Amino acid sequence: MADTRYGPPEWPPTTSPQDQYGRGPYIPRQTGYRGYPPMEEPPAPYAPAYPPPRHGGAGTAPPRSRTSVPRHGSGEWRTVADRRPPEAGPEPRRTRREDRSPWHWLLLVPIVVPLVPGLYNRIEPTLLGVPFFYWGQLSFAFLASAVIAFVHTKVK
Amino acid sequence: VPDQTTQITVFVIIFGAVTLMGFAAARWRRPDSIHSLEEWGLGGRAFGNWVTFFLLSGDVYTAYTFVAVPTLVYGIGAAGFFPMPFLVIVYPMLFVVLARFWSVCHVHGFVTPAEFVRARFGSRGLGTIVAVLGIVATMPYIALQLIGIEAVFEVMGLPKGWPLTVAFIVLALYTFNSGLRGPALVSIVKDALVLWTVLAVVMVMSMNPGGWEPVFRVAQEKFATSPRPDDGLLLSAGSQLNYVTLALGSAVALFLYPHTLTGVLASRNRGTLRRNLAALPIYTLLLGILMLVGFAALFDGTQAIGGNGNTVVPQWFNENTPAWCAGLAFAAIGVGAMVPAAIMSIAAANLFTRDIYREYIRPNATSKEETYVSKTVSLTVKFGALLVILLLNTQFAIDLQLIGGVVIMQTLPAVALGLYTNWFHRWALGAGVGAGLIVGMIMLYQVPKYGGADGRTVVREHFGGSAWPLDTIGIDTNATIYVGIVALAVNLIVAVVATPLLRGSGVPDGRDRTREHDYVADEGDPTVRRMTEILDGDPVPEAAPAPTSFFTPVGQRQPAPTAPDDASRRAYPRL
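Listed in order, the protein sequences are those of chains A and B.
First residue of the first sequence? That's -9 in this note's numbering, and the numbers climb one at a time after it.
First residue of the second sequence? That's 852 in this note's numbering, and the numbers climb one at a time after it.
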């Protein structure tokens, strides 16, 4: 502890400290100031809420307008608070997968069809003398290949 | 009398060429140093479309498949045809999961599925379980490859001991030297030989008067006269359930076998992988045609040599094709055994190194040391397989492989479902694996081995196969079911039920060290960092030394010992 107290000033950190999650220091986004891109959604200017909320309407603070926010809260300067590690809340349990695609359901066709013996457990029609049981299952290879290639082009 | 000198000459020439290629592969796309597990064990993770195709096909379609499956068709007909649906349905299944597996392993620098499980569920024990099950399941599979070569040697009239030993010493040495590059290069030769073999089958059969039609007529008569109830040109009502569950279970197991995943991780990017999965079903077609050789052997009256059923296919080539062509077919089987055996031993060695040696024995092992350990273990594993075949009997290896398939399937919830969700509790997954293994072993124990002319005489009481008769539990039917599927179902049920229970009782969850974006990262993504380093050969930029503080006279003089710099460790503190 003594080391750090008499040590060099700690900002900016000499090495990027990493927390247990492998993340660097929390640096807030710089928005809406001197050429930085504006925030995605500018907060609405102060306006009384109509109809007023039923409970606690009188006592609640009005929505903060941008001009009333302290400058250091806008992300313009780094503050001591920025050096606090971000709160490690639980990860959201269900996140939408980035590679999700409805086309993947098409892959069920070449999975299910070869698993239903009722479809191909027969001799007729024969092809070059080979019973359907054999050449039908050989042709499922083309089916799988075609479906996979199709899905690949669709989800690429 | 077949000309065995020509056969042996052709075989030896091809085998010699393959050996040279295997050693030369170490210089192929030569990295600065092969002394890293990603270079030796994954070929630098830089294989493109064609090499990945050859590697994966060499990996999946093993010599044992080429030899044993037509023998099964020769023996029982339609029920032996299950590899066809199995190797068709496996690719759509893999298409969904493999790309995610590739991405997360590249972002984090994983070499084995067990490392992924460890990071995903935050459990070292679970990772170790997956690693041990992987090694246990892979080792008998290596021994099976030897059975394939052995059958070929038997047909060529070679003695049992030394040719096999020589072949495996050669294999072991070039794997030691070149790592995954060896089998990758050799698999090109293997696929060319297999393609030729299939063409030979097609040509021989098309020269047959009447084509395939008399072949199947003879087979039908033979099955009709045989006293066995479970053979025939079509599936009997009792064998349909086993046919379907066996195909499904084999497909699941194939994804989970460590050697498949090793081949997958060696590909360059997600697109390479997915394109290959679209092409690989066509290779299944080749296997399907080879399976029909079983019927051709029935038609031509081929008899197994010395009661060894695996010699039926080589013997058919021996009797029905010119000697040079038979030599090429034998070489296809021989080389086809080399490629998967090399990849399997590399996969087992990587599992040992990354998940046992580096976890428990020497956590600070350098990447050079890791590579050395992996090389040594791959040698050990191969010689262990050789000893099993030479000293114990062949049947022992086949039984072990049967158990291995059931064993490896139990890692499905952790590895495959883990790619999609971290909902499962780590202890629940462990309990599920335990339950699945116990159920699987009990069921395998209950299956007797049948033999004799009518196929109903009990030859051996226990561990006689994987088709579990449903009347064991009193269901009045002659249907059977694949043991692995039942064990996997038990495993899944236990894992699903135990997870909320454990969470409710406050057993802490493991911490998931992966993020959702890791599962879709591709070659150009900033989180996948090592691809450009490999492809362009740029040296890894060294980190600037940490500035010394002159204001802290007290404190540690020596910096605390840290783990050596290694790509897989560096992956965590990333952007």
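These aren't lab readings, by the way, just hints derived from the structure by calculation.
Please read these numbers as outputs of a predicted model, since none were measured by experiment.
Warning: the hint list may mix true and false statements.
Said to hold, decoys possible - Stretches of chain A that chain B covers, calculated by requiring three or more beta carbons in the stretch to come under 8 Å of a beta carbon on chain B:
hint, stretch
1, 117 to 124
2, 128 to 139
Said to hold, decoys possible - Some, not all, of what chain A presents toward chain B, calculated at C-beta under 8 Å:
hint, residue
3, Ser91
4, Pro104
5, Leu109
6, Asn111
In this text, a Cβ means the ideal position worked out from N, Cα and C, and glycines have one as well.
Against the structure, the hints:
1. 117 to 124: Answer holds; 6 residues pass the 8 Å Cβ test.
2. 128 to 139: Since three or more residues must qualify, the claim that chain B covers the stretch 128 to 139 of chain A holds, with 10 doing so at under 8 Å.
3. Ser91: Violated, about 10 Å.
4. Pro104: 4 Å, holds
5. Leu109: Given a least distance of 11 Å, the restraint on Leu109/A is violated.
6. Asn111: With Cβ-Cβ at 5 Å, under 8 Å, it holds.
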